[in-house]
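*Asks:* Every letter in the sequence shown is one number past the one before it in UniProt numbering, and letter 120, counting from 1, is 120.
If you're looking for bench data, these hints aren't it; they were derived computationally from the structure.
There may be inaccurate statements among the hints.
As the list claims (entries may be wrong) - Calculated lysine-lysine pairs in the PhoX-like style (CA-CA distance at most 25 Å, straight line):
no.	residue 1	residue 2
1	Lys58	Lys43
2	Lys58	Lys121
3	Lys121	Lys6
All of these numbers come straight from a predicted model, not from anything done at the bench.
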Amino acid sequence: MPDGTKKPMRQRLLAPEASPPSTFLDPESMPWEESAFPGIRSKTLYSDPGGMCTLRLKLEPGAEVPLHEHTAIEQTYVLEGRFVDEEGECLPGQFVWRPAGNTHVAWAGPEGAVILSIFLKPNIFAAGQKFFTAEE
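Produce the entire structure from the sequences given, and follow the hints as far as they go.
*Replies:* This is the structure we're talking about:
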């Protein structure tokens, strides 16, 4: 509330219990974590046991996400740089989504890229790598 006092907990609309609280993050203050692929680091903003996750990814110039298949929809918003695959490229402020079954190799442009990606399930990689999954 504007005066600094806490609001009372709301009740759920569909059940006679308290509404679960929101989780607020400050991604700028979170450390970057190394990934299984050279030149790619991440910040996990959300993940659950079923494999759904929201990631902020930083790709160094030319860094590559090798051949993989999406097992559910993937959504990506480009924050900085250029994110490219065989079908096209996304620049800052642009968005791409890929359906389940889509296969591709993705890479950062010469300036690198920072992207926000939402995965409903983990991808399957041609070489068997584990990338942003609970089994990493």
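*Asks:* Measure nothing beyond the straight line between the CA atoms of Lys58 and Lys121; if it is 25 Å or shorter, mark the hint as holding.
*Replies:* holds (20 Å)
*Asks:* If you draw a straight line from the CA of Lys121 to the CA of Lys6, is it 25 Å or shorter?
*Replies:* With Cα atoms ~36 Å apart, Lys121 and Lys6 exceed 25 Å; violated.
*Asks:* Measure nothing beyond the straight line between the CA atoms of Lys58 and Lys43; if it is 25 Å or shorter, mark the hint as holding.
*Replies:* Holds - the C-alpha atoms of Lys43 and Lys58 are around 9 Å apart, at most 25 Å.
Violation of the numbered hints given earlier is confined to hint 3; every other hint is satisfied by the structure.
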